[in-house]
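Chemist: Chains as they are written, first to last, in our numbering: chain B, 207 to 358; chain C, 2 to 420; chain P, 160 to 291.
Be careful, since some hints might not be right.
Stated by the list, open to error - No farther apart than 16 Å at their CA atoms in a straight line, the calculated lysine to aspartate or glutamate pairs in the EDC-like style are these: (1) C:K216 / C:E204; (2) C:K43 / B:E321; (3) C:K43 / B:D322.
Hint data in this document are derived by calculation from the structure and do not stem from the laboratory.
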Amino acid sequence: MTGAMEIYQLLPKTNCKECGRSTCMAFAAALLSRDAVVDDCPILKEEKYRDNYENLTKIVSPVGNASETGMIVHEELCTGCGNCVVACPVNVAEDPYGAGAGKTPTNDKVILRVEDGIVRISNVEDCRRFGENKILCSGCIVTCPTKAIEFI
Amino acid sequence: MNEKYYVCTGCALLCDDIEIECDGYRISGVNSACRKGVARMKGCQDPLACSISGQKADIDAAIKEAAEILTNADNPLIFGLGNSTIEAQKKAIEVARRVHAYIDDTSSFCQGPVIEAILNGQIRSCTLDEVRHQADVIIYWGADPANSHPRHLSKYSYFPRGKERQRGWEEDRTAIAIDVRHSDTAEICKDHFYQIPPQADRELIDALTSALSGKVPKVSFGMESKKILELASILKKAQFGTIFVGLGLVYSLSDMEPLIKLMDKLNEVSNFHLVPMVGQYNMRGADQPMFNETGYINRVHFDTDPTGADVTRHGPECSAVELLRSGEVDAALVIGSDPMGSLPRSIAEHLLHIPVINIDPCKTQTSRNAAVTIPCALGGVESGGSAIRMDGVQVELPVILKSDRLSDMEIFDRILEVL
Amino acid sequence: MGFGKFLSIPEYDITIVTHRDIFQNTALESSRFAEEYEKLSAVINIDRQDMEKFGITDNDPVVVRNNFGKIIVLAQGSGYEEPHPGVAYMLNSPWSNALVSNETGGSGVPSFKSIKAVISKAKDEPVTTFRP
Ligand code: SF4
Ligand code: SF4
Ligand code: SF4
Ligand code: SF4
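Kindly produce the complete structure, drawing on both the sequences and the hints.
Modeler: As structure tokens, then:
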């Protein structure tokens, strides 16, 4: 997953405060938690930062794509391998002989499934990272070969 | 949810749990297949046309012309077959017998040696279902299924729960990657990734064999004895181990001897199996009927001796690669394969100088210069039949969509009629 | 003049290891003649320090050649954490196959996986194409 340091490396590092934060590092942290968007830094619009700007918009997806749990799927990275589908503890509990056994999900209660070669999310409210008894589950993150799933 | 499941022919994993949505003539949705499988089932953007010498032709004329080329040639070659059903492969052997052709499939320069050792009983193998239910130690050696067989880990080898593996991958299974490259599969195996220099597989095999015999293993590259001993001890403790062999390993061994020795040793001290990571969906199928009929899996010449009697010859000199290198063949029928794109250019070039018959659903680098092109139905989508999965299990392929293109089996049938 | 210009571009030895990629495989299933397949295939991934040594930066066209063939592809940094000087990566494709040796020792199996070649910065030559 992307870290604040990685984001910081792509910023202008001038600490000019134009973005409303006290330093570029603070802005990086804000980007990571999606409290800010890349466009908030006007300096990045300068020609010499064009590559950095493009890279940043790629690694920090807009918050609009995130589900209530903060889950983001980078569809362009997903190979449809189904690792996350089979590894997700909720999928296993809801559909032990389908998704849990490596096969196509056999009911609608699963969180993750692969459609047209790309992972799709539903029933996010059941995700272990959500709600009152939330835990830091990372089943779908560590099993993904391309880091296509991210939580913010 | 659908009641009916289809089979994906995107690779030799032959995933048999695919849900399909159709809107009349086209596949509009494919569920549970990986990205590559979806692309395959939805079909290519450049379908092959039926042609003779680059001119549009009807199918009857093209088949007649194909039969003529095969009959007129002294040394015709039939090659490809990894993307054909078993039924078509059997017909291809019949055609080869009839015109005294060389016949070879893609396993000749892929997993052939491994499949042969398994069929001859020299190496112990197992099924993918056994792996899912039982395997606790899984090795991907010179293989990167995350890219070549995307659902391998999720459907069978690492993540799914099985009868004796109920608790999930973290507790129940250990996945190990051995490769020259930090692949996506290696990334998933994390601490159990063993990186080796190119061509060092043989050395590591020998070192592991000694470690399993209680000797101190040594290698010339930077891997410490301690690390090799650690690996050996994981293998020793396995209840049900499986090595998945990729092309990286196959290509770096000049023969199977070291691998057979390692497997023997492993089965003295532990319980191990080996499965080839076959690429094309029915490459393993191509080897089976040939083995049943001739005793050889590939590289066969249906020759005649000076008295005119039929003899079956076999050997590397009968392989597609050697025949193209030496320029021995004077006509070729290429089916479901693209040697102009997938073989070294320096070898495939001979195909530019001889009449080529190309049977494929799609245009390829090979079809561009073919004397005759015959489009066939897309196997597993527009035509059915049976195929053999990478682990030797036979899988039936239902038809998803009707098409007016002939299946590859029907095309061979028609060629036989003309012959 | 041609010869002098040729000499002025330094060449470096390199071992190319080939491998597979699902996105490129997917592109192949859709169309082996489309831009997407070419874009993913006509690339060589080089060690970052090697790139500096060769005097090339990301997406520079490079000539890769040996006795068997010559291709022009785009150079890109490999993105691996561990350095791998002298080793570069390419996906299996007509581009990599253009460089594979025709020597097989009579075994019937070419050496697809490990290719010896020399690499140099390209001058005004277009990337090799296999499109009709
Ligand atoms: S506006 Fe940009 S350059 Fe200025 S402090 Fe914020 S992040 Fe740094
Ligand atoms: S975080 Fe855990 S419960 Fe939530 S989707 Fe991922 S694997 Fe499933
Ligand atoms: S594990 Fe990653 S690549 Fe595989 S289906 Fe899930 S999100 Fe996609
Ligand atoms: S892993 Fe192979 S058989 Fe399974 S869906 Fe993907 S391409 Fe098809």
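Chemist: Taking each numbered hint in turn, which are not upheld by the structure, reported in ascending numerical order?
Modeler: Failing hints: none at all.
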